[in-house]
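Same order as they appear, the protein sequences are chains A and B. Residues 1 to 386, numbered by my numbering, are exactly what the first sequence covers, in order. Residues 1 to 723, numbered by my numbering, are exactly what the second sequence covers, in order.
Among the hints, erroneous ones may be present.
[To be verified] Below, a list of computed lysine-lysine pairs in the BS3-like style, where the Cα atoms sit at most 30 Å apart:
1. B:566 x A:341
2. B:567 x B:500
3. A:287 x A:40
4. A:127 x B:322
5. A:341 x B:418
6. B:239 x B:663
7. B:526 x A:127
8. A:147 x A:89
9. B:115 x B:346
10. B:574 x A:132
11. B:346 x A:132
12. B:574 x B:539
13. B:500 x B:539
14. B:252 x A:132
15. B:539 x B:526
16. B:391 x A:127
17. B:525 x A:127
18. B:574 x B:500
19. A:147 x B:566
20. B:574 x A:341
21. B:525 x B:500
22. A:132 x B:566
23. B:252 x B:115
24. B:566 x A:127
25. B:391 x B:459
26. B:567 x B:525
27. A:132 x B:539
28. B:413 x A:341
[Said to hold, decoys possible] Examples of chain B residues lying across from chain A (beta carbon under 7 Å, computed):
29. 385
30. 386
31. 387
32. 390
33. 577
Just so you know, these hints were derived from the structure itself, not from any lab. Note that CB positions come from ideal geometry on N, CA and C, so glycine has one too.
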Amino acid sequence: MTLSSLGKIFSKKNLPVESSNDVNSIELATQRQLIWRRFKRHRLGFAASIVVVLFYVIVLFADFLSTAPPVDYAAARGYMPPQGIQLFKDGHFLSVCEVSGARNMESYLMEYEADCDNTQGISLFGKGYDYKLWGIIPTNRHILGMKDETVDPNAWIHLFGTDKQGRDVFSRSMHATRVSLTIGLVGVALSIIFGIFVGAISGYHGGMIDSILQRVIEIIRSIPTIPLYMGLSSAFPEDWTINQIYFMITVIISLFAWTDLARVIRGKFLAMKDEDFVTAARLNGAKTMRIVFIHMLPSFYSHIIAQASLSLPLMIVTETSLSFLGLGLRPPAVSYGVLLKDAQNVQSVANMPWLFLPAILVVLVILALNFMGDGIRDAADPYQEV
Amino acid sequence: MLKKFRHGLVVVLLLVVGLVAIACSDEEVEEATNTTNASAAASSAQASGAAPAATPAAAAKPAAPAPKIVETSKTSKAATGDDQAAGLGEGDVSWPSLSDTMPSSFSESPMCAAKAAAGEIPALEDRLPENPLVISPAESIGEYGGTWYRAFTGPADGQNMERPMKDHILFFGTNMTDVQANIAESWTSNADATEFTLTLRKGLKWSDGDDYNTDDIMFWYDHMVTNEDLVPTPPSWMKSGGELLTFSALDKETLQINSSEPYGLLITLLASVVVAGPHTRGDSGLGLYAPSHYLSDFHPDVIGLDEANAKAEAAGYENWAKYMLFLNHANANPDSPMMTAWKVVKPITSEQWALERNCFYYGVDTEGQQLPYMDNVVLDLAENLEVLNLKAIAGEFTVQGRHIDLSKLPVFKENSDKGNYRIQFWRQPESGIANLYINESWGDGAHGEPELASFLTNKDFRAALSMGIERDEINEVFFLGLGEIGGLCAGWDDPNNPGKYIGEDYVQFNPDAANALLDSIGLDKKDADGMRLMPSGEKIVVTHSVAVAAFEDYEGIDSMVIEMWKKHLGIDGKLDAQERSLWSSRRDNNETMLNSWESSGRAGAIITPNHLGVVGGGGFIAVGASNAHRDDGTMADGWVGEWQALYEEAKSDGSKYAPNLKKVVELNCENVNPITTVMNKPTYTAIIKKNVRNVPNPLPFSYHAQTSGNGFPETWWLDGGNQ
């Protein structure tokens, strides 16, 4: 605290200091407040972070946002195009037209006809299929539900259309978001732990240990990842459940993603270990662990967060591509990769373009995370103009 | 920003490369498997007497007289009412047939005429045999010219052209039942089916102009199939009563084959892919005959071991045997003489596999025009099936059924005018598309659990599972409604239950009956989620093992079945999707509980028991019992044992073949194993240019008759040239 800031406090007529009053004062703001303020000014980054938050809301409430169970099949609804929701019709606030379909034996395509004289009302927070929120709270409330619970399944809501088996693409996308984004989060968390641990040892000790660890990292980074993933994922025992495979894929991805972070952190430690405050701590008899975690690490937290938010999209893309190649998650699990694998054929391009809607979600979340990471990094950079 | 996406872009690029590598079709592997089993089955049939030809049509109507395969020299066959009843044809049937009338004069294509005029090849009369094979085309006498454009998926896709070019010594008619003349003009056998005489056409020529006669068969018999360096173990069809068949040449045109035991099935096998010719089997030293004039220059029996090995080493091969197998592999070695309508000019190992007409081909049409009509066959390499199908949609192929994806049918339909093609379905009678085979030996395997295994062996359990499947849904979703709902025994009246066939009730969706059955066999307890528990209190979980990237989307079909069983029966399920070779090795080791796979036409149940049978090792229904049967002939208990006994009986007594064929399939139906889902979808969705004439309609499909070979592609022609 500088003298001038002290003077400011006292000039406020000795009123008790409230933190809210200090928000506007750059001199008094903590580093966190400074970063937040700067981040808010980074418009793109800030907007992107709202999108990211929305995506994680989907992660938390995937079942609530779904309109149909992700595995609920029906041949009679196969490849149904996206369906619009009507406002204020037939006394309903929201409603859908009844849809009936049959296969045209000339073209062999399913053809659907919307009968808008017969509409089905939809209620917000209506009732739908049973599920357990976060695996604990049993409920059947969904954001959209049919007013008439005994309704004809042909009038179901398919915002993104349906796939080959007549499963609702929107609901599947919601569940895929949950799976793909948590894989990213867990993967990043694991790689941060690995990265900090190895980076700290390497940078703080230096010398022989540093050389060995850096060579190990180089070796790991030199291995082409796709063949490696292929090998590792085929090594899964066949009696594993989807959940186990899901977890292992996260671990595998993070096992190779930590090297980046470890390098960066090592650099930071190398640069900082001879700083005065570190020397002071050491002379005061602080133990290595204390010096590393209490004195040094907090000074570049912001950097780690920025780095993590930038490696998150890579994690998601990796999972998506692994599943797309058939090496990652498999049906009945749903992830972005699994959904896109279904769309990977000529007939989808020609006749069922809505199967590519999950790809838009992928692009959206990857872009948002990248912009957000960019924003955080800029905001956390102490050398940038405030 | 772009910098950050670099990783993403690299991943996407790698992904594309990876896809190309992965998406190669492995259809050939399947066929190879079939072959092994077919030859195994052939050996089993060796002891049978004058067994009738086992073919789909015969099995579809077991009461009909067995097709005559003895003392027929040239059978001429159009589709009959019986064939139509057997599902082989409806509406206007147009099939090619062999003709007994020799044309008064012969003519040749401009391509061959030019070569003859230039002195490269002899005149037509010196190239045709005295007695050519006269084929009456399905619709019309054709005009010469044009190229047959196709695509193949790589060096392992040899069947792509082996099928249409059939160089078998005898071959089938279009109905896949009647054995007809081909390279041999006639054959006879003695009453007890131990001595067979084949008469070759006189004056046959290899594609390089050299004479073809019994020397080529005897060379193969004396120096190839019996040479252990070349063929470590002779194929099982060569053995009868534990001894090798004896071949002897009576003269240049007459071959005699002797068997120590009755071997009624031999003629059928000679016509089928089990024996085939060197184009199909030459790369493993098999195929009944070989170009002796060409190969003897490299064979140690002729030039001595040292020189043979020296030649092989000079050509970059480890030893003479490996070199010889390459030399005899016509698809890869364009120098290898062939007997087929077209001969290879660019090998299958190149980007473009190309063939041109064989001016020495022995077939003519009824007006004496030498066949084939089309000059060239050009196949483009398409390692990725999506790419291949895109080419088909764009109308780049003249005729192609192989590798065409049925689920793209709407796109094919939509573009048929733009691509100027028509679509034809080639079906395989009474074949299952995605059967669920319950491995009743699972309990004895590495992952077996006694309590769960006791349900797998319980017929009521299987019947309940079967009645919990909504087959219409599967048919609509995966096969565009083009399959049929029915059992393996459809069309066979059950004497105990007139008006119905055995197992008919089990292929109907009937959740009430299914649940009642499950309740009655000790699965009446349920957990909180409504899933059934075994008496011990543990949840019953059925694991479906499927191969990924196989013929059908088994992964999709089985995950749908799992949902059906959860929803309607309260039986929990798990999907175990594996890469195909891993899946089949685990299956053969008796480690899998339920496997999803096709079954070829029910008529093959004894000839190729690898799908419906429980004999000869591996298989699906009771892998452990099947392995024990292979290893020391142990007979299992229960219906599996009955199946094995009926099979053994058919093997030793030819007169039991037809009745037992029906009995074993009925055992499958009665015991609900396999659980069939959808039957008889079109095996090939053939994309045919609108101006291609003489493609049989309908063309019944089979592996043993090498469809499209049974459609006589040498008679197909382009009305107005390539368009």
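Violations among the numbered hints, reported as their numbers in ascending order:
Failing hints, ascending: 3, 4, 11, 13, 14, 16, 18, 21, 25, 29, 31.
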